[in-house]
Structure formats: structure tokens, C-alpha cells
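Trainee: Now for the letters of each chain:
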Amino acid sequence: QSALTQPPSASGSPGQSVTIFCTGTSSDVGGYKYVSWYQQHPGKAPKLMIYEVSKRPSGVPDRFSGSKSGNTASLTVSGLQAEDEADYYCNSYAGSNNLVFGGGTKLTVL
Amino acid sequence: QLQLQESGPGLVKPSETLSLTCTVSGGSISSSSYYWDWIRQPPGKGLEWIGSIYYSGSTYYNPSLKSRVTISVDTSKNQFSLKLSSVTAADTAVYYCARQVDYGAELDYWGQGTLVTVSS
Numbered sequence: 007q008s009a010l011t012q013p014p015s016a017s018g019s020p021g022q023s024v025t026i027f028c029t030g031t032s033s034d035v036g037g038y039k040y041v042s043w044y045q046q047h048p049g050k051a052p053k054l055m056i057y058e059v060s061k062r063p064s065g066v067p068d069r070f071s072g073s074k075s076g077n078t079a080s081l082t083v084s085g086l087q088a089e090d091e092a093d094y095y096c097n098s099y100a101g102s103n104n105l106v107f108g109g110g111t112k113l114t115v116l
Numbered sequence: 021q022l023q024l025q026e027s028g029p030g031l032v033k034p035s036e037t038l039s040l041t042c043t044v045s046g047g048s049i050s051s052s053s054y055y056w057d058w059i060r061q062p063p064g065k066g067l068e069w070i071g072s073i074y075y076s077g078s079t080y081y082n083p084s085l086k087s088r089v090t091i092s093v094d095t096s097k098n099q100f101s102l103k104l105s106s107v108t109a110a111d112t113a114v115y116y117c118a119r120q121v122d123y124g125a126e127l128d129y130w131g132q133g134t135l136v137t138v139s140s
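Going down the list, the protein sequences come from chains A and B. Numbering-wise, the working numbering comes out as the position in the first sequence, counting from 1, plus 6. Numbering-wise, the working numbering comes out as the position in the second sequence, counting from 1, plus 20.
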């Protein structure tokens, strides 16, 4: 299985919206509704932000939203805040109880 | 509140076996609703899924690591473990343990991570 494809970087000004894309194949992203997104601040463990493509765990602000079209999933952060600056990773179920991560996107709040 | 804590040597010699344990507290590892996973992150790089185990002992491994990985579970101690054999410098990473939800596959609880360096 190959890693999912994410852009290395993304940026936006406070208050703006930014969307991060995650491209896979029909064997992972396109084949299942089990895409999740994780936020990781430097030196910290990843934190679950979105699961099953578009669901938010309790406590995650509704500024974070997810969607999927075909083999590409996306994470949108609306109303950017300074604390949103972090690395973001997508993850997908890839069949046979396997998971695959994206390469990660560094989000900069300008 | 569920907590996961990794433990094990922080330094392993090349060609030897890396061994880590994840202790779960605040919940039972024997729950039928979850898998228990290992993920790693080389310094400055992205996350890589290593594999997972069900409380019954069923295991699932990343195909790229399968020949070198063994994950086991000890339900009496509420722990699960990782062994990675024949390590090289490329295996230097922060190793995380995490809980994977059975239906949905998301990793909802993570340990803090432990850095393992492969060096002579």
C-alpha cells in the first residue's frame, strides 16, 4: 500500500478558510467511508479531528469539517485561528484491516 | 479517561530487536469494540501505521514491515507489545500506541510517544 498524497504545506490568514486535500485510490479513500484526520502540534501526539469522512469527535470545534469525492478527501478549517497552526495527517482504511496515512500537511497561519 | 503509555528502551543497536510495551489504563483492552495499534514517526517525517491487534490475538501488519513485526497482547496486564527485528537507523522514530475503533477505523486515543534511536 502506498501513502496517501497530501500537499506539503498550506497557509491562510486568521479568519480565512483553508482546505487540505488527501488523494488515494479506489483501494483506500475511494473504496471506504473510513477517512480520518489528525492534528499534530510540535512534540505532541496526534489528535483525532475528523472520522468517517465528516464526523467530529466531541470537543473538536465545528470550524473543522471533512468531505470526500471519489478518491480524494478534504479537510476544511474555517475561521482560521493561530492555534490551528500544526501538521495535519489524513488516514484511510485500506482493506484487510490495514490503515494508511498521508504524508502530512504543515498548516501555517499567516 | 482512557490513557495509553509506551515504555521500553530508548536505544537499540543495529540488527537487534526493538521491543516496546503499551499499558492501557482507564479501560479494558479486552473490549470487543477496539483494536490496539502501533504507529511510528521518524524525526521530521510523517506518520506510518505499523500494525494492530485485537484482544483475541488477531494481528494485522503493514505489508512493508510484516516480515519484521510482531504485535502481541497480554489481557491480564492490560498491555500490548511491539517487537521489530533486524533494526537499522531507518527504524529510528517516535513510536506511538493508539486505540483504533472497530467500526470506523479511527485512532481516537494515543499515547504520548517514545523515541527509539537505533545506533551502535
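I should point out that these hints are in silico values taken from the structure, not numbers from a laboratory. Certain hints may be false.
Lysine-lysine pairs mimicking DSSO-like chemistry, simulated, CA-CA at most 30 Å apart [unchecked claim]: (1) B:Lys65 - A:Lys61; (2) B:Lys65 - A:Lys50; (3) A:Lys39 - A:Lys53; (4) A:Lys74 - B:Lys65; (5) B:Lys97 - B:Lys86; (6) A:Lys50 - B:Lys97; (7) A:Lys74 - A:Lys50; (8) A:Lys112 - A:Lys74; (9) A:Lys61 - A:Lys112; (10) B:Lys65 - A:Lys39; (11) A:Lys39 - B:Lys97; (12) B:Lys86 - A:Lys39; (13) A:Lys53 - B:Lys65; (14) B:Lys103 - A:Lys50; (15) A:Lys61 - A:Lys50; (16) B:Lys97 - A:Lys53.
Quick list of simulated restraints, FRET-style, between CB atoms [to be verified]: (17) B:Ser87 - A:His47: 46 to 54 Å; (18) B:Ser39 - A:Ser8: 40 to 48 Å; (19) B:Gly77 - A:Gly21: 47 to 55 Å; (20) A:Ser23 - B:Thr108: 40 to 48 Å; (21) A:Ser23 - B:Lys86: 39 to 47 Å; (22) A:Gly101 - B:Ser53: 17 to 25 Å; (23) B:Lys65 - A:Gly85: 25 to 33 Å.
All C-beta atoms in this analysis are idealised placements derived from N, C-alpha and C, irrespective of residue type, glycine included.
Trainee: Would you pick out the hints that fail for this structure and give their numbers low to high?
Mentor: Hints 11, 17, 18 contradicted; others consistent.
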